[in-house]
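Colleague: Chains as they are written, first to last, in the numbering used here: chain W, 1 to 112; chain L, 1 to 112; chain B, 1 to 112; chain R, 1 to 435; chain S, 1 to 435; chain V, 1 to 435.
By construction, these hints were calculated from the structure, which means they are not laboratory data. Incorrect hints may appear among the rest.
[What the hints assert, rightly or not] List of simulated lysine-lysine pairs, DSBU-like, C-alpha gap at most 35 Å: (1) K287(R) <-> K67(V); (2) K34(W) <-> K40(L); (3) K34(W) <-> K40(B); (4) K40(L) <-> K67(R); (5) K287(V) <-> K212(S); (6) K72(B) <-> K72(L); (7) K287(R) <-> K34(B); (8) K67(V) <-> K406(V); (9) K125(S) <-> K125(V).
Residues per chain are reported as follows:
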Amino acid sequence: MKLVVAIIKPFKLDEVRQALTAIGVHGMTVTEVKGYGRQKGHTEIYRGAEYVVNFLPKLRIEIAVASDIADKAVAVITSNARTGQIGDGKIFVTPIDHALRIRTGETDTDAL
Amino acid sequence: MKLVVAIIKPFKLDEVRQALTAIGVHGMTVTEVKGYGRQKGHTEIYRGAEYVVNFLPKLRIEIAVASDIADKAVAVITSNARTGQIGDGKIFVTPIDHALRIRTGETDTDAL
Amino acid sequence: MKLVVAIIKPFKLDEVRQALTAIGVHGMTVTEVKGYGRQKGHTEIYRGAEYVVNFLPKLRIEIAVASDIADKAVAVITSNARTGQIGDGKIFVTPIDHALRIRTGETDTDAL
Amino acid sequence: MGALSYRAAKLAALVIVAASGALATPALAETSTINSADTAWMMVATAFVLMMTIPGLALFYSGMVRKKNVLATMAQSLAAVAIISILWVMFGYSLAFVGDGPWLGTLDRGLLIGMTMDSVNPAAKTIPEALFMLYQMTFAIITVALVAGSVADRMRFSAYLLFAIGWFMFVYVPLAHWVWGGGFLATMGVLDFAGGLVVHLSAGIGGLVAAKVMGRRHGYGSENLSPFDLSLAVVGTGLLWVGWFGFNGGSALAANSRAVMAIISTHLAACAGALTWGAIEWATRRKPSVLGMISGAVAGLGTITPASGFVAPWHGVIIGVVAGIVCFWACTWLKHRFNYDDSLDVFGVHGIGGMTGTLLAGVFAVSAIGGTAGLIEGHPQQVLIQLYGIAVTLVWSGGVTYVLLKLVSVFVPLRVSLQQELEGLDISQHGEALQ
Amino acid sequence: MGALSYRAAKLAALVIVAASGALATPALAETSTINSADTAWMMVATAFVLMMTIPGLALFYSGMVRKKNVLATMAQSLAAVAIISILWVMFGYSLAFVGDGPWLGTLDRGLLIGMTMDSVNPAAKTIPEALFMLYQMTFAIITVALVAGSVADRMRFSAYLLFAIGWFMFVYVPLAHWVWGGGFLATMGVLDFAGGLVVHLSAGIGGLVAAKVMGRRHGYGSENLSPFDLSLAVVGTGLLWVGWFGFNGGSALAANSRAVMAIISTHLAACAGALTWGAIEWATRRKPSVLGMISGAVAGLGTITPASGFVAPWHGVIIGVVAGIVCFWACTWLKHRFNYDDSLDVFGVHGIGGMTGTLLAGVFAVSAIGGTAGLIEGHPQQVLIQLYGIAVTLVWSGGVTYVLLKLVSVFVPLRVSLQQELEGLDISQHGEALQ
Amino acid sequence: MGALSYRAAKLAALVIVAASGALATPALAETSTINSADTAWMMVATAFVLMMTIPGLALFYSGMVRKKNVLATMAQSLAAVAIISILWVMFGYSLAFVGDGPWLGTLDRGLLIGMTMDSVNPAAKTIPEALFMLYQMTFAIITVALVAGSVADRMRFSAYLLFAIGWFMFVYVPLAHWVWGGGFLATMGVLDFAGGLVVHLSAGIGGLVAAKVMGRRHGYGSENLSPFDLSLAVVGTGLLWVGWFGFNGGSALAANSRAVMAIISTHLAACAGALTWGAIEWATRRKPSVLGMISGAVAGLGTITPASGFVAPWHGVIIGVVAGIVCFWACTWLKHRFNYDDSLDVFGVHGIGGMTGTLLAGVFAVSAIGGTAGLIEGHPQQVLIQLYGIAVTLVWSGGVTYVLLKLVSVFVPLRVSLQQELEGLDISQHGEALQ
Ligand SMILES: Nc1ncnc2c1ncn2[C@@H]1O[C@H](COP(=O)(O)OP(=O)(O)O)[C@@H](O)[C@H]1O
Ligand SMILES: Nc1ncnc2c1ncn2[C@@H]1O[C@H](COP(=O)(O)OP(=O)(O)O)[C@@H](O)[C@H]1O
Ligand SMILES: Nc1ncnc2c1ncn2[C@@H]1O[C@H](COP(=O)(O)OP(=O)(O)O)[C@@H](O)[C@H]1O
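Pulled out of the complex, with its shape left as it was, chain W reads as follows (with noise of 0.2 Å):
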């Protein structure tokens, strides 16, 4: 099994899920990240204070799937998160050693 992570502009949540769902995939965890990168920030003026502000808001999207649709997952997230403007994000592929839904104690794939 993968964990897929992938990091896309916050707007774009909507099409990934959807795009992944068609694909059979059912389930994913999302976080509200900043992400520093090429893109860049903007600047906060504050009365007397500026402050240039790197991180910009950005989601993580981590899904588990079988490693065989690993690639599938990949460029369905990849197609629907690209604006083709800096700062779309990246895609992370990593190893799960063991899965396991909670509820029922099923392991590996079956717990996806």
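Add chains L, B, R, S and V with the ligands to chain W, keeping to what the hints say.
Modeller: Only chains L, B, R, S and V with the ligands this time, still in chain W's reference frame:
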């Protein structure tokens, strides 16, 4: 070493924490996340606008443990986070190459 | 490639970011988390109710890097996030199978 | 209740008349003694007391609950305003303030029939009766809204509405008549300037009983139930405090020196209460909390309420200090001793405070200010009269509250399901949430 | 407009005079009839109506938008206060309330020239003219601020400012004169106690047209645009409600029984509106929402506005119920039927409410209270007059709003870029954000 | 100070008397000239000014700090209310407003001894003395609360309390007497209608000195210290603005045309200030910020304060524009030039504003309004007198503030530990936190 990642229902945190402490796991990192899965969300209506909220509040617990006690940790989390209803969550076990304690520089299991 | 996950004290973020940029790491994803460990929390009392807060605010930094500079990154984070007091945090290095830049589709180290 | 049913019949009869705006009929109009300065002040005082409930109390209460219950808590104050106001004009005002039978007033002003542009209530001859009615309405509203604090985080909204209606009819209206409307406690000479008995004690004991009947919140004593955003409570306290100038000052029913004296003792009691509570926390917990200081302020305000208008400014300080001490004790020791979950300490702050203040009014009353002498001015009987008023309020409000809740629970469960309680009342009761 | 350009010239001429604070010249001063009680009440009423906009409306509106637009939404109310106030003293007041030509007033009080310590406006002889001017200013402010709700989340700040200025000059000022300043609608006898036409309907229809012209928000109908922090809206409602006592009560321009009657019907309409909207939601969606209850309250308040001061207390209840029904219908059915994105339902609540209330004022008017008889008292013509007033307001405000927006769009795009809309107006328009 | 110690003795002596509520002794009572309309207005004005501090200033200030310091910042305003009120009735009022020695008043009203239902203060013969005392109390409160803004985010709560008490006794009370209580500045004819010197300049310069003595916040200039929730500051500004009608309008001490004139120039100055600050930001930073607009509004309000009641409405606009310019300059350039960390710009806004307004009062004063002529009306000396008042205030408040802080630091460290500063004052000083 393993990184045990568990997605649980928020109000289960304390039980899980205590149970883990009981088996000698004295550290963890918790993140507020939104989960999407079998458990169906609810509908919110604001005047004329109706929104289906598919993402439910969950907690993501991250625990680095020595490989040998990973299973024990998983078992303890499972039994303490379970309510038996849909939405109890998942546990993913992933590998860790190295671990390090910033304060002392101790590495691997000494770091935990 | 490696995914370097560091749990640090919030006010250390800027120093760490700058140090990483200095060694050529130009991207990272940060999450506000709550940490439980040796560092003891504080007590909050609301009228008659007393609560021990065991979870302290921390930042979770996630950095994907080419395997060869992982150690360098770890070293840099360690030296810049250290205060010497309990609660400085941990660093976990985990493997990444693939990485991809959503905007361009570039993969692996080119994606970072 | 027999009397009531007869009145109900009469009430029905009146509906037709009223619907046609017969309000202009000059029945019982009196040669006008209306004074525009008093009218100006009382219109403002009325607005201030309304502001105490929305947004004042709504903020104060919702600032002490968890994020998932913030809106539901505000909804309780909001609903109290909407419902009680309608009931008040239907029959509440008339039964409480028109006609001075020992037990209940009359329905002569049911649906406001006969209230004209220039009619006045004998209790306030210098302002339009309509204004007196409206001013008193705001007291009925906040009293009902106060009770809700005891059952916050777990009461079903539908059950709350039924309870609120019943509580208003059977606890508030009679009490208001007894103490302020020429009822038996008034005749007896009980001192309650702005609502130590009618508002605070009745709400406090009612809340205590309700908390007992409802049972504790899930996780009480085990989980962390700390407030989501205390800053809301601080803002609410500010608005309550300011509004209280209209609450106690307005109870003089005129823009005169007595109103001013009431405002001064009120303000000083709030200050003394805040300092006292904060000091006790500092001494016993090494830190004065903001929640502690605002709790002390509200305790001082609630406690001075029955006494303001009867006592001297400095008595306000003394009363505030006492309030800070006894209410702190009630919220921290008493509550644990009897292990009830009065979520927002309605009893600890308003019940204990109302009781204390009513008693102290009898002790400190200065005839030069309120026309009545208290213990210190050599009139010890007043203290006994005050005690009698307290006893009556405790028994009546406590008893009726208990019966009402049992009655309501026959029709609808008082509590939400555990599932809903965990999910939060905002979502489960109102289908909304703070993002 | 010819008249206007002439006035503009005259205005310019006046600047010099005014700059030297010539204000003290006792020109047109009148033997003082000023009453201090009325003055006291009206100063407070003025403060209350200002409080309705800041922080009242700022909270009510920003509580319904997403986190990224909270500050920008508040900025719209804030800017309305700052800009309209200046324009009001420059020429707005004079053109609206000085001189009773059928179409527009005069510039005799341009830059307040000739306004002295003891001058009074014929419309309010018992308070200083300066106070009458200030009180009316607060109405102009909130009307402009209300319109902004329709274009929230997407209008460029610079475009909003230009639009606000033009809308004030060409919609508000004329309307205020026609209805309240002795203009043709006043002569005709249109009833509008506190602004059903001048404030609510004009803002509502203006908002509708603006929403149509601006187009829908990105993600409307597809993405989740739910409010960030509804508790802000509840607090805002509380302050609006309290402030409305000054809005409708103050429109009596004196501390008298009529002011009291206006306040009572206002309060009851708000209560009835809140209960009605909540009940409908409960019946149709199984849950009464807090947003629903506050929407109903504001609908009731807006709807009673033109009628308060003319009708009896109980009519307030009826009007509130009707308001709850029609405004709910407008916000849930009508809006979807015509598929426009009136972000914060300015038309659904204020437009429909203002229209309904103006009509009902003609139905229920009680001569014993406001000196005018309505349909029920056998004066059906009044209803026709009211309908005429509604038609004029719809056409004028709707038409001018359309022209103005087209005009503004020539100089600056009305909408922010998609990029900025996604990023949020707080950052893109003001360079700030909530953390 | 010798005089003071004597008074302290006398004060002690009085305690016994007061404890027995001897307040009713008609000593120095005067044949009543009390007017109920003025009383009504002043009770409301008093409530408004209290509202300026809680919740107004508490919101305004806490909206500009980081999340971890929100409650602690509110606590400073809250504590100021509680403590200063008590000290005011003990001796503050009497020393400031009773007896007109050049340096200090008397203790004849210490503990309010001799204040009766019908006694009046010569300065305000148409309202109860008790009301005049209470109204002035609210000014003392907000002045002390204002200073706290300079040391936000780092001052130890215990040190703040000691400092606040000392600052009130040795800075505020004397200044209030000198300028308003018949002291030497009053005799000299210094114009300060509602507190340009006594409130704003004294707080501003005190804050500056305090900021210097305390040192900069950790991370100042390097870390991002941006506000957590600016919407709180906007709401606070709204309440401050509304309350200011009572602050400046109430300073006429009667419900008359002068109060109205003061309110108009106050409102216009706030509008002009907001527009000016916003415009400058727009020109220099391409975006007008909401914080900028509210800063400009408050700057305008603070600057017009000493002049309102003396100048014409239009002068309010001019003064507001100047305020926007100089205060913006002070907050953005001056502050960096001298590199001090006045956290919430108390000096930049209130210090500079108070100074400017006091000066301009001497320039624009219109005898027809305030009875005094300024430079423009051919009375240049007034400007010199104003300058003298400014100098005295700068020296006294600045000097005493410095000495006080040094004194306090002998007993308790002024700053929290770095550890506590990082953790936040909410947790470290009050044991609470926003979730
Ligand atoms: N090396 C990295 N490790 C972890 N996250 C990264 C890394 N580089 C970028 N990111 C995340 O991806 C987001 C987008 O990256 P950025 O360089 O801004 O644009 P792009 O994805 O178009 O290259 C960043 O905001 C950050 O959250
Ligand atoms: N494939 C997945 N990858 C990552 N997280 C998942 C996945 N499936 C479910 N989750 C997480 O687990 C939570 C519970 O899953 P759900 O299917 O709702 O119930 P259950 O755990 O009982 O099967 C979800 O809310 C989501 O946070
Ligand atoms: N076993 C663990 N797994 C995951 N995170 C951990 C673990 N132990 C500690 N942490 C994280 O590291 C933070 C610091 O750890 P702590 O034991 O308090 O101090 P130190 O890092 O000095 O040992 C904790 O707050 C927690 O967020």
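Colleague: State for each hint whether it applies.
Modeller: Results of checking the hints against the structure:
1. K287(R) <-> K67(V): OK: K287(R) and K67(V) at ~19 Å, within 35 Å.
2. K34(W) <-> K40(L): Since the Cα atoms of K34(W) and K40(L) sit roughly 28 Å apart, the hinted pair holds (cutoff 35 Å).
3. K34(W) <-> K40(B): holds, 27 Å
4. K40(L) <-> K67(R): holds, 22 Å
5. K287(V) <-> K212(S): Holds: K287(V) and K212(S) sit about 27 Å apart, inside 35 Å.
6. K72(B) <-> K72(L): holds, 33 Å
7. K287(R) <-> K34(B): holds, 24 Å
8. K67(V) <-> K406(V): holds, 30 Å
9. K125(S) <-> K125(V): holds, 26 Å
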